[in-house]
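Residue numbers (this note's numbering), protein chains in the order written: chain Y, 3 to 241; chain V, 3 to 241.
Just so you know, these hints were derived from the structure itself, not from any lab.
Be a bit skeptical, because a hint or two may be false.
No copy is singled out in the list; a pair is fine if it fits within one copy or between any two copies.
Cut-off 30 Å, straight-line C-alpha distance, at most; resulting in silico cross-link-like pairs (BS3-like, lysine-lysine) [unchecked claim]:
id: 1; residue 1: Lys-151; residue 2: Lys-36
id: 2; residue 1: Lys-13; residue 2: Lys-60
id: 3; residue 1: Lys-36; residue 2: Lys-60
id: 4; residue 1: Lys-13; residue 2: Lys-44
id: 5; residue 1: Lys-153; residue 2: Lys-116
id: 6; residue 1: Lys-153; residue 2: Lys-60
id: 7; residue 1: Lys-60; residue 2: Lys-44
id: 8; residue 1: Lys-60; residue 2: Lys-116
id: 9; residue 1: Lys-36; residue 2: Lys-13
id: 10; residue 1: Lys-116; residue 2: Lys-36
id: 11; residue 1: Lys-151; residue 2: Lys-13
id: 12; residue 1: Lys-151; residue 2: Lys-44
id: 13; residue 1: Lys-13; residue 2: Lys-153
For clarity, every value in this text was computed on a predicted model and none was experimentally measured.
The primary structure of each chain is shown beneath.
There are 2 protein chains.
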Amino acid sequence: MPTENEPRPAKSEQTRTLILETAMRLFQELGYDKTTMRAIAKEAGVSVGNAYYYFAGKEHLIQGFYDRIAAEHQAAVREVLDRETDLEARLAGVLRAWLDIAAPYHEFAAQFFKNAADPESPLSPFSPESEHAREAAIAVHREVLAGSKAKVPSELADILPELMWLSQMGLVLYWVFDRSPGLERSRRLAERGARLTTRGVALARFRVLRPLVHEVHELFTDFLPGMAQTVTASKRRAE
Amino acid sequence: MPTENEPRPAKSEQTRTLILETAMRLFQELGYDKTTMRAIAKEAGVSVGNAYYYFAGKEHLIQGFYDRIAAEHQAAVREVLDRETDLEARLAGVLRAWLDIAAPYHEFAAQFFKNAADPESPLSPFSPESEHAREAAIAVHREVLAGSKAKVPSELADILPELMWLSQMGLVLYWVFDRSPGLERSRRLAERGARLTTRGVALARFRVLRPLVHEVHELFTDFLPGMAQTVTASKRRAE
């Protein structure tokens, strides 16, 4: 029996988790478009009003799901980040951990893709609404870089983790459409991508290349709607 | 009245064009998924058998459409490629010309996107089925580079046009979701992308960077299904 020092999750947290897990199951079974909040509430055994109390709509359930994947990923990468100091090994480990955690949702991701591909959709990984999950994911890459032996000029220390996360989004896009057994092609791409990124980071110390790195990063923040806010927020935190 | 030296398009070519244009109109009005070959034939005033004689299915109509856009683009870029020798101006002109030609199909592209986003779909720009249109598009970039004053190491002369085309596909992806008036954000991205690519090409002459350029290109040909074939075919032609 839990004592006061070992609190069990509050009832409200349990209900929130129940609704989220029920929604994810129904999204997978019926598809995102055909699943209603009413059906989710009924299946979870809560009132419709109660479901809306925890999640203002289907989109918020997806944000809850993104946050959950991000939290599971942050926990799963501890093992590799506490052990490895080689940048390529750290990055490959982080990408592999993501593929492991996301594997159960692969089929859902393929049919859900059309809802998330539009950068102006709140469900896009680049949207302002996804900022919380995106910030958590970028923080992982910040730690991948900071805890490695790689020498990084200080002017690029804020930029590179965001570019590394962007390349992870490239892997996610590839993974969505991957039909190879055991998603082995995505796993190979993770290894190759980690090697390529590590080479890119090593080259970024050449002074002649830095303007290009800045320009790629600027292009990306200028043209993806939610990104500029994240960059501003991370600057505010740094001050 | 046309003489023997000025042949008018053969009847079969006219019928083919009529079917293609009717299909594109119906795709835009009804959506790709809901438009049947039967409806296209009826609207074009030809028999269903006749429609299938020219296009083996809806997918072939899309390939015909891709080829047509590529041919119109090849004609439209002549003006800028015959006049400019500056790489950035040549590339910006080529990208602007593409946005002009594709503008009437913008709404269709947004709803069609989900059919073309899967790299294993025959309708993907990376598929073996799209090779003809892709080859034509890469040939434009080969000419953009070859006719410019930019100095390019011979070992990269085959690779850079494919990477330039890949960055054009990035612009196309952005354009699909662009809702700015007059698609002005896509136009600005075309300018910025041309500048960035030009800088990248200028840096590619540094020997220290060439392994990275090769590795990016290899990654791209290894992981996109149709690309390896295009690369093999272009090597065969060069021999």
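A quick look at each hint next to the structure:
no. : hint                : verdict
1   : Lys-151 <-> Lys-36  : neither (49 Å within a copy, 56 Å between copies)
2   : Lys-13 <-> Lys-60   : within (22 Å within a copy, 54 Å between copies)
3   : Lys-36 <-> Lys-60   : both (11 Å within a copy, 27 Å between copies)
4   : Lys-13 <-> Lys-44   : within (18 Å within a copy, 62 Å between copies)
5   : Lys-153 <-> Lys-116 : neither (39 Å within a copy, 41 Å between copies)
6   : Lys-153 <-> Lys-60  : neither (44 Å within a copy, 53 Å between copies)
7   : Lys-60 <-> Lys-44   : within (14 Å within a copy, 41 Å between copies)
8   : Lys-60 <-> Lys-116  : both (15 Å within a copy, 21 Å between copies)
9   : Lys-36 <-> Lys-13   : within (29 Å within a copy, 47 Å between copies)
10  : Lys-116 <-> Lys-36  : both (14 Å within a copy, 17 Å between copies)
11  : Lys-151 <-> Lys-13  : neither (45 Å within a copy, 69 Å between copies)
12  : Lys-151 <-> Lys-44  : neither (52 Å within a copy, 67 Å between copies)
13  : Lys-13 <-> Lys-153  : neither (47 Å within a copy, 68 Å between copies)
The structure shown violates the earlier hints numbered 1, 5, 6, 11, 12 and 13.
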